[in-house]
Amino acid sequence: MENNLINYISGDIKIEDRRWEKEKKVYPLHWNLDWPTLKDKLEKIDEISSFVPRINFPSSIYINEKNYPALALGLDFELEKTYQDLNQIVVSGRLPKNDQREIIIGYQLAQDLNIKEGDRITTLAQTANRGSNAISFTVVGLANFPITSMNSTSFLAPLSEVQYFLKMDQNVQQILIKYEGNRVKGASLIDKTLEDENLTISELGKDDYIYSMMKVVSYSYYLIALFFFILASTVIANTTMMAVFERMQEIGTLRALGAYKKEITTLFLYEALISNTFGAVVGSILGTVISLIFAKVGINFTDAMSGVEMNIGSIIYPHLHFMNPILVALYAIVITSLATLIPSRKGGKIEIVEAMKYV
Amino acid sequence: MFRSFVTTLLFFLILLPLGAISGTEIVREVEKRGYFENSYSEGVIESTDRLGSSSFKFKSFSEGDDKVLIELDEQKILKLGETLYLFYPDADVVIRLQGSALRQTILGSDLSYQDMTQSSSLLNEYDVKLLEENQDTYLLELDATKKSVAYPKQLIWVDKKNFTIVKRQLSTKEGRLLKEIEVIEFVTYNQRLLPKITLVTDVLKKNSTTKMTLNKFETDLKLDPLIFSIQNLKW
Numbered sequence: 001m002e003n004n005l006i007n008y009i010s011g012d013i014k015i016e017d018r019r020w021e022k023e024k025k026v027y028p029l030h031w032n033l034d035w036p037t038l039k040d041k042l043e044k045i046d047e048i049s050s051f052v053p054r055i056n057f058p059s060s061i062y063i064n065e066k067n068y069p070a071l072a073l074g075l076d077f078e079l080e081k082t083y084q085d086l087n088q089i090v091v092s093g094r095l096p097k098n099d100q101r102e103i104i105i106g107y108q109l110a111q112d113l114n115i116k117e118g119d120r121i122t123t124l125a126q127t128a129n130r131g132s133n134a135i136s137f138t139v140v141g142l143a144n145f146p147i148t149s150m151n152s153t154s155f156l157a158p159l160s161e162v163q164y165f166l167k168m169d170q171n172v173q174q175i176l177i178k179y180e181g182n183r184v185k186g187a188s189l190i191d192k193t194l195e196d197e198n199l200t201i202s203e204l205g206k207d208d209y210i211y212s213m214m215k216v217v218s219y220s221y222y223l224i225a226l227f228f229f230i231l232a233s234t235v236i237a238n239t240t241m242m243a244v245f246e247r248m249q250e251i252g253t254l255r256a257l258g259a260y261k262k263e264i265t266t267l268f269l270y271e272a273l274i275s276n277t278f279g280a281v282v283g284s285i286l287g288t289v290i291s292l293i294f295a296k297v298g299i300n301f302t303d304a305m306s307g308v309e310m311n312i313g314s315i316i317y318p319h320l321h322f323m324n325p326i327l328v329a330l331y332a333i334v335i336t337s338l339a340t341l342i343p344s345r346k347g348g349k350i351e352i353v354e355a356m357k358y359v
Numbered sequence: 001m002f003r004s005f006v007t008t009l010l011f012f013l014i015l016l017p018l019g020a021i022s023g024t025e026i027v028r029e030v031e032k033r034g035y036f037e038n039s040y041s042e043g044v045i046e047s048t049d050r051l052g053s054s055s056f057k058f059k060s061f062s063e064g065d066d067k068v069l070i071e072l073d074e075q076k077i078l079k080l081g082e083t084l085y086l087f088y089p090d091a092d093v094v095i096r097l098q099g100s101a102l103r104q105t106i107l108g109s110d111l112s113y114q115d116m117t118q119s120s121s122l123l124n125e126y127d128v129k130l131l132e133e134n135q136d137t138y139l140l141e142l143d144a145t146k147k148s149v150a151y152p153k154q155l156i157w158v159d160k161k162n163f164t165i166v167k168r169q170l171s172t173k174e175g176r177l178l179k180e181i182e183v184i185e186f187v188t189y190n191q192r193l194l195p196k197i198t199l200v201t202d203v204l205k206k207n208s209t210t211k212m213t214l215n216k217f218e219t220d221l222k223l224d225p226l227i228f229s230i231q232n233l234k235w
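Top line first, the protein sequences correspond to chains A and B.
The first sequence runs 1 to 359 under the numbering used here.
The second sequence runs 1 to 235 under the numbering used here.
Misleading hints may appear alongside valid ones.
[Said to hold, decoys possible] Quick list of the computed label-pair ranges, beta carbon to beta carbon: (1) N3(A) - S229(B): 39 to 49 Å; (2) Q98(B) - V289(A): 29 to 39 Å; (3) D127(B) - I63(A): 31 to 41 Å; (4) D112(A) - K59(B): 36 to 46 Å; (5) I230(B) - A295(A): 53 to 63 Å; (6) S53(B) - H321(A): 34 to 44 Å; (7) Q111(A) - D127(B): 45 to 55 Å; (8) E46(B) - E21(A): 23 to 33 Å; (9) L177(B) - E23(A): 50 to 60 Å; (10) E31(B) - N114(A): 40 to 50 Å; (11) K39(A) - Y35(B): 32 to 42 Å; (12) K39(A) - S229(B): 44 to 54 Å.
The hints are simulated quantities; they were obtained by calculation from the structure and are not laboratory data.
Beta carbons are placed, not taken as given, at the ideal position from N, Cα and C, and that holds for glycine.
Assemble the whole structure, with the sequences as input and the hints as a guide.
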């Protein structure tokens, strides 16, 4: 989700005209950004890894005397290569070329409007000088966007063509920035560098309630994990306890032969430790393999999420951090060992007389 | 004495309706005086709202009431009867506006395309009632007879001397005001009064006003009938 927001909605840091921010519901494109000037200034900030110009605008696609609403995004396909891999979204055809009247359209929108590769479509929109304009594009590809809702609503067009269409000269509606480091500090640094009170510079999540909500939700994952750890510990303790009681005969024999209580406790503890370590390692390896497979192919929720208007992709790609399986395995070994400590000690404390009853 | 009084009263009662004018007749006279076989006009549309202001020049050709071609900076609008066509130079097709698309504003102004689609005569779409009359104006109330009209109720103030509309209030069926149009300056053309500056206010838009200024007006022209064809919609 964070990647989707960074790539399509807000970047790590986003620059817009302050007045646009207030009236963005009506897409006042005349409140835009001077791209050539801002580009020169942003290039001088070393901490910025990449940045791209964008124009978001509502439009309607005119087919057979009817208008169908669509959201359009104008972007520089060459510059985007430094920002994200757009080739991933292409399901058929290709990406548009800069300076060509071409678009790539969400596959569901294309399906709904019976648009195919090679078709010419005419789209209408309000321009930056607040008039209206229409222009025709050739559809060169179909896209499966990581944000589900875009598949049924959106198309991408080359920035220069959109600027011409919307009478924006070389201006853009927003600039998305990928920033390495603290985003709040980054936004502040960019703000100081640009020194323009007409700009609003916001970091990821500042105004996105879904992002904030997801952050809160992520904390609940720790609670769920804690619940499972407690559950697993109880099961392991119970299993060890059962093993102790089932092996009373063995304990009685060992104690009769002269084994100390401590040795009996260590015996059960080692036994549990070996099986717990084996289980944790095998479990972590299996989990890692499954995560790696899904990280590659993704988990497809397209059907389940059709119609969901959120900035969440329909295909979820789990991200596996290198340290996670190791930490989880160690954590599991410690927890399970602690869980076996009590029943093991209990096994060691059994008196010979009592244990001999089972012999 | 009494007989002469009754005779005089009857005389006035009989003659009074002959001197009075009905709402329908007022509208008919207004439309008659505003009708031109053909015309060419130029002007400026200036709009101001909370998002800023914009200004567009326009040229308009008309033949009767049914054929109008408006050339704006970025587009051409062709009205044939009650149908509107939009032409944009970068679009492959001429766009026919219908349905909800007609409610879109023209160049972000307080005018909508729907405002252009009204019938050639108000009498085709409205019942007219004379509400009030004072020294200078008639106040007419118009109630729509068709469901398809954009404004089911209208109040129109008509100048008594020149039979020109000075103000219009366009409302919903329930009487909720939608738009107000007021002529604030007239210009005389061939002994007829034409609106020189008109203010249009879309009441539903916050702090929004559109000023239309007529800078040039000509009639009795030899217009090529082809200019009112879809095929001819090109720059």
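Outcome of the hint check:
{"no.": "1", "hint": "N3(A) - S229(B): 39 to 49 Å", "result": "53 Å, violated"}
{"no.": "2", "hint": "Q98(B) - V289(A): 29 to 39 Å", "result": "58 Å, violated"}
{"no.": "3", "hint": "D127(B) - I63(A): 31 to 41 Å", "result": "39 Å, holds"}
{"no.": "4", "hint": "D112(A) - K59(B): 36 to 46 Å", "result": "39 Å, holds"}
{"no.": "5", "hint": "I230(B) - A295(A): 53 to 63 Å", "result": "56 Å, holds"}
{"no.": "6", "hint": "S53(B) - H321(A): 34 to 44 Å", "result": "54 Å, violated"}
{"no.": "7", "hint": "Q111(A) - D127(B): 45 to 55 Å", "result": "49 Å, holds"}
{"no.": "8", "hint": "E46(B) - E21(A): 23 to 33 Å", "result": "27 Å, holds"}
{"no.": "9", "hint": "L177(B) - E23(A): 50 to 60 Å", "result": "25 Å, violated"}
{"no.": "10", "hint": "E31(B) - N114(A): 40 to 50 Å", "result": "46 Å, holds"}
{"no.": "11", "hint": "K39(A) - Y35(B): 32 to 42 Å", "result": "57 Å, violated"}
{"no.": "12", "hint": "K39(A) - S229(B): 44 to 54 Å", "result": "47 Å, holds"}
Going down the numbered hints, you'll see the structure goes against 1, 2, 6, 9, 11, while the others check out.
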